[in-house]
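K.L.:
So the chains spell out like this:
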Amino acid sequence: MKKYETVIGLEVHIELATKSKIFCSCSAEFGGEQNDHVCPACCGMPGMLPVTNKKVVDLGMTAGMMLNCDINRTTTFDKKNYYYPDLPCSYQTTQWFAPICVNGKVRIKTSKGEKDIRIKQIHMEEDAGKLVHDDWTDTSLVDYNRTSVPLIEIVSQPDFSSAEEVVAYLERLRSLLRFAKVSQCRMEQGSMRCDVNLSIREEGDTKLGVRTEMKNMNSISAITRAIEYEVARHIDALENGTEELVQETRRWDDVKGKSYAMRSKETAGDYRYFPDPNVMPIVIDDEWFNSIKASLPEFPEVKKARFIDELGLSEYDADLITQSRAFCDCFEEAYKECGEAKEVANWLISDCMNMLNKKGSTMDQLKVDGNALGKLIKLVMESKVTRGNAKKILLVMDEETIDPEKYATENNFIVSNDTANIEKVIKEIVASDPKSVADYKGGKEKALMALFGKCMKTLKGNCDPQVLRKILLEEIDKA
Amino acid sequence: MKLYLTKADCDMTNAVALDDMFLTKAMPTTAGSKMLDSYMSLFDAEVVTKLTDAGYEIAGKANVGEMAVDLLGETSYEGAVTDDNGTLLSASAEIAKEAKAVLCFDVNGAPRRAAAINDLVFVKPTYGTVSRFGTISSACSGETVGVMAKTVADAKAVLTAIAGHDDKDGTSLSDAQCEKILTTEKAVKKVAVAKSITASADDAVKADIEAAKKALSDKGIEIAEIDDEILTKAKAAWNILMSAELCNNVSRFDGVKYGYRSENYTTIEELYTNSRTEAFGELLKTMIIYGSDVLSTDNYMSFYDKAMRIRRVVAEKFAEIFAEYDAVMLPASSKKTFTKADTDANKYLAFDENLYTAPATITGLPAVVGGGVQLIGKAFSDSALMDAVQIIKEGK
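Keeping their order, the protein sequence lines are chains A and B.
Residues 65 to 543 (this note's numbering) are what the first sequence spells out, left to right.
Residues 728 to 1123 (this note's numbering) are what the second sequence spells out, left to right.
Keep in mind the hints are simulated off the structure, nothing from the lab.
Mixed in with the good hints there might be a few duds.
[What the hints assert, rightly or not] Quick list of in silico lysine to aspartate or glutamate cross-link-like pairs, EDC-like style, CA-CA up to 20 Å:
| no. | chain 1 | residue 1 | chain 2 | residue 2 |
| --- | --- | --- | --- | --- |
| 1 | A | 144 | B | 1025 |
| 2 | A | 169 | A | 223 |
| 3 | A | 169 | A | 259 |
| 4 | A | 542 | A | 487 |
| 5 | A | 470 | A | 401 |
| 6 | B | 984 | A | 202 |
| 7 | B | 984 | A | 100 |
| 8 | B | 1074 | B | 1005 |
| 9 | B | 1012 | A | 334 |
| 10 | A | 499 | A | 541 |
| 11 | A | 118 | B | 894 |
| 12 | A | 83 | B | 894 |
| 13 | B | 1123 | B | 949 |
| 14 | A | 367 | A | 379 |
| 15 | B | 984 | A | 97 |
| 16 | B | 824 | B | 738 |
| 17 | A | 176 | A | 292 |
| 18 | B | 940 | B | 1051 |
| 19 | A | 367 | A | 407 |
| 20 | A | 194 | B | 996 |
| 21 | A | 144 | B | 1032 |
| 22 | A | 442 | A | 462 |
| 23 | A | 144 | B | 1020 |
| 24 | B | 984 | A | 150 |
| 25 | A | 119 | B | 894 |
| 26 | B | 984 | A | 198 |
| 27 | A | 83 | A | 97 |
| 28 | A | 534 | A | 509 |
| 29 | A | 542 | A | 509 |
| 30 | B | 895 | B | 906 |
| 31 | A | 439 | A | 404 |
| 32 | A | 176 | A | 267 |
| 33 | A | 66 | A | 266 |
| 34 | B | 1062 | B | 935 |
| 35 | A | 144 | B | 996 |
| 36 | B | 877 | B | 846 |
| 37 | B | 984 | A | 207 |
| 38 | A | 400 | A | 469 |
With the hints as extra help, turn the sequences into a complete structure.
P.N.:
Here it is in structure tokens:
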């Protein structure tokens, strides 16, 4: 039985987190009503000229720096010519001659150990539109919302030898790029897309086998399934001659669990690349370069180690928080304000996570201001606000910018120090429920809870639970 | 037919017309092509806004050759404009004789030829000083908005209204740079006549050159001759760059979104092919094929890349010349009369005539035509050139 090895190269397309498109000021936001985020430029109408969105170059550089690339200090945009209905100008503006980043690497960890995946280049380009096929009328409609949304394409060298390595790489890419706020990297929304170029050869062979490209894998697990299927298909073809392997692009069907040869999108003709004369070469001077370098975040694993070693967080907590840049930023600001690392971690991991899960939001969509969270935690620690009420305030903090103390005061969340009132309320409730008092004295703990609950409710939760319990027990004794 | 679209009740002395490469909301813009017959733009070109702000009326649209790359407008879908003898007339030139001025998009020298032939003034300003926002892109690295008028004063007045920085045009220069073209920093004192280029024109054109030389030297301006061998290379280079950029700029006209769509198709490929085959003229189709060829992988380095290098060499030659001289004088065309028979016999006459107009187009240098001759100067010397042309006109 011959032994085979797999050779894989990846082309990952990332939608950049900019407000507007690459060459016009239309919104680059995902979704929107069809053909709403459009203008004459991104619809291929005559007369509008491309004006480069600086943020696109900023993020291109950021991505390159996060992935250990060399930055091309003079970089140009070039036109790639082909016809397709989702391409309104019949060309895509991309980078052919001088991409913004070259020669990077990403270190991945798998069950077999650590490995560096080399990055050939990263280039900036514009996205195409979306075709919507209407089976009822047998027509195809074009939605140009996505045309000219800025992308970077990260091209790896064919350094992968397994699906496990591919997954590790994609997860690492996603972590780094989300951390640097380059992109949301959500495969289900198309802000991260991966094309797999795969071939196999006999172990020890140096010549590359026939390569096939696969598209349309919409999740990381789908990529694993696609790779496993395709490797098996290649091996089957070579061993048993079930089919002839040709260099082609194939579409992965996750429902059927198979790949199918795609009808060629465009005649594999000449793209006739040439530099766009309307877009001046982008020259990155030292000032610009250094400002981007200074803006890079600490790498997530460095932060995680610091959280564990210096701040005493558990491995689990540190790991979870460093999944998200928003969580990290919130944690660090909150910690700076209140000095209690474990408290802040708890608030983030249980209360904030619960809140986000209920809303169906991702970790990176956390809006709570870290400094405000720190202040809120201090209020709880100082017993000025009960934890229950603090959770209510937290919900508001994810919607608007508020000062927790001010908000608590305005909304009566500050724990009452009016002992006289507390005693009065407790006396009344104890007097009104002699059965519960008797039950408790008879040994039923639940009865105490019932009385406690009634008191807390009457006091609108505005009482330190320790204080309430103490006075309640005193009153029960007297009764 | 001169104007193909005019505004009624227009005070022509204060009105500026536009050739049909400028997008207007109020009137269709066709670029002289069946592909854009009755195309209505959603916005005005920047120069239209600036003209209106400066108090000018827009007189209407002038018939233009398809994508403005032909000899004198003969490839317009609206038809060639000729007189009874079959002489080709330029619609812009005809209107310029009545209106204050006509804005023309100089892509391949047609407005300069028209001005020289009709004894009008045409100013092709320094590239980047007038916004191209709202023009139908033809060959972006050289195309320039210019002003055609009866007098230098009128041309300068209208140029003053339209020059200036525009954020919406990525090749637009700063306001400070744009303003330089309106003031003569250094008057023209020494003029170099391009030797071989001038020698290749006919006697009538040569006579205009002689008259211009005399008018200038009568005012104490030194005239010399220069070896223009390198400048002659601009012709082939611009034909390559222009065709390549043009074929890319018209690829958006695919019959899908707007404009002409063929009625004969069953597949998307047929929709593309038939729409473009039926709607584009011969010259444009030829340039599309040629442009695609020079951009193909096999040919890119020896054609397109080479043409960009020739551009650099020509620019450096001009810099060398302008270290000693203030202007280069040369004809704008090989003769003073072109007929329909000429263009029927040679559809690619505009490619040949590029000998005279490509040097300024490919380098983006300012070129001013008046008294039947063309003066090219270094960047931002537009005003000095206009003064010199004024002298030439007064001397005739």
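K.L.:
Does each hint hold? Answer for all of them.
P.N.:
Each hint, compared with the structure:
1. For the hint linking residue 144 of chain A to residue 1025 of chain B, the alpha-carbon distance of about 16 Å falls within 20 Å, and the restraint holds.
2. The suggested pairing of residue 169 of chain A with residue 223 of chain A holds, with an alpha-carbon distance near 11 Å, which does not exceed 20 Å.
3. A hinted pair counts as satisfied when its Cα atoms are at most 20 Å apart, and residue 169 of chain A with residue 259 of chain A qualifies at roughly 18 Å.
4. Proximity of residue 542 of chain A to residue 487 of chain A is assessed by CA-CA distance (about 13 Å); at most 20 Å being required, the pair is judged to hold.
5. Annotation: proposed proximity of residue 470 of chain A to residue 401 of chain A holds, straight-line Cα distance about 17 Å (limit 20 Å).
6. This hinted pair checks out: residue 984 of chain B and residue 202 of chain A have alpha carbons roughly 18 Å apart, not beyond 20 Å.
7. The straight-line distance between the Cα atoms of residue 984 of chain B and residue 100 of chain A is roughly 15 Å, inside the 20 Å bound, and the hint therefore holds.
8. Proximity of residue 1074 of chain B to residue 1005 of chain B is assessed by CA-CA distance (about 18 Å); at most 20 Å being required, the pair is judged to hold.
9. Straight-line distance between C-alpha atoms of residue 1012 of chain B and residue 334 of chain A comes to about 18 Å, which keeps the hinted pair within the 20 Å bound.
10. Of the pairs offered as hints, the one joining residue 499 of chain A and residue 541 of chain A holds, with about 14 Å between alpha carbons and a cut-off of 20 Å not exceeded.
11. For the hint pairing residue 118 of chain A with residue 894 of chain B, the CA-to-CA distance comes to about 13 Å; that is within 20 Å, so the pair holds.
12. Our distance criterion of 20 Å between C-alpha atoms is met by residue 83 of chain A and residue 894 of chain B, whose separation comes to about 19 Å.
13. Among the hinted pairs, residue 1123 of chain B with residue 949 of chain B is consistent with the structure: their alpha-carbon atoms are about 18 Å apart, no more than 20 Å.
14. Simply put, residue 367 of chain A and residue 379 of chain A have alpha-carbon atoms about 12 Å apart, close enough for the 20 Å limit, and the pair holds.
15. Between the alpha carbons of residue 984 of chain B and residue 97 of chain A the distance comes to roughly 18 Å, so the proposed pair stays at or under 20 Å and holds.
16. For the proposed pair residue 824 of chain B and residue 738 of chain B, the alpha carbon gap of about 14 Å is at most 20 Å, so the pair holds.
17. Pair hint residue 176 of chain A plus residue 292 of chain A holds up; C-alpha atoms about 18 Å apart against a cutoff of 20 Å.
18. For the hint linking residue 940 of chain B to residue 1051 of chain B, the alpha-carbon distance of about 18 Å falls within 20 Å, and the restraint holds.
19. Taking the CA atoms of residue 367 of chain A and residue 407 of chain A, the gap is about 18 Å. The hint holds against a cut of 20 Å.
20. Distance restraint check for residue 194 of chain A and residue 996 of chain B: the Cα-Cα separation of roughly 18 Å lies within the 20 Å cut-off, and the hinted pair is therefore satisfied.
21. Using a Cα cut-off of 20 Å, the hinted pair residue 144 of chain A and residue 1032 of chain B holds, with the two alpha carbons roughly 16 Å apart.
22. The hinted pair formed by residue 442 of chain A and residue 462 of chain A meets the criterion: a straight-line CA distance of about 18 Å does not exceed 20 Å.
23. This hinted pair checks out: residue 144 of chain A and residue 1020 of chain B have alpha carbons roughly 14 Å apart, not beyond 20 Å.
24. Our distance criterion of 20 Å between C-alpha atoms is met by residue 984 of chain B and residue 150 of chain A, whose separation comes to about 11 Å.
25. Restraint check for residue 119 of chain A and residue 894 of chain B: the C-alpha separation of about 16 Å stays at or below 20 Å, so the hint holds.
26. A distance of roughly 18 Å separates the Cα atoms of residue 984 of chain B and residue 198 of chain A; the hinted pair therefore holds under the 20 Å criterion.
27. A hinted pair counts as satisfied when its Cα atoms are at most 20 Å apart, and residue 83 of chain A with residue 97 of chain A qualifies at roughly 17 Å.
28. Note on residue 534 of chain A and residue 509 of chain A: the hinted pairing holds, with a Cα-Cα distance of about 15 Å set against a maximum of 20 Å.
29. Note on residue 542 of chain A and residue 509 of chain A: the hinted pairing holds, with a Cα-Cα distance of about 18 Å set against a maximum of 20 Å.
30. A hinted pair counts as satisfied when its Cα atoms are at most 20 Å apart, and residue 895 of chain B with residue 906 of chain B qualifies at roughly 18 Å.
31. Taking the CA atoms of residue 439 of chain A and residue 404 of chain A, the gap is near 11 Å; set against the 20 Å cutoff, the hint holds.
32. A C-alpha spacing of about 17 Å is found between residue 176 of chain A and residue 267 of chain A, which places the hinted pair at or below 20 Å, so the restraint holds.
33. For the hint pairing residue 66 of chain A with residue 266 of chain A, the CA-to-CA distance comes to about 7 Å; that is within 20 Å, so the pair holds.
34. As the CA atoms of residue 1062 of chain B and residue 935 of chain B are separated by approximately 11 Å, the hinted pair is consistent with the 20 Å bound.
35. The straight-line distance between the Cα atoms of residue 144 of chain A and residue 996 of chain B is roughly 19 Å, inside the 20 Å bound, and the hint therefore holds.
36. Distance hint between residue 877 of chain B and residue 846 of chain B is fulfilled; the C-alpha atoms sit about 8 Å from each other, no more than 20 Å.
37. Using a Cα cut-off of 20 Å, the hinted pair residue 984 of chain B and residue 207 of chain A holds, with the two alpha carbons roughly 11 Å apart.
38. A threshold of 20 Å between alpha carbons decides the hint, and for residue 400 of chain A with residue 469 of chain A the separation of about 17 Å falls inside it, so the pair holds.
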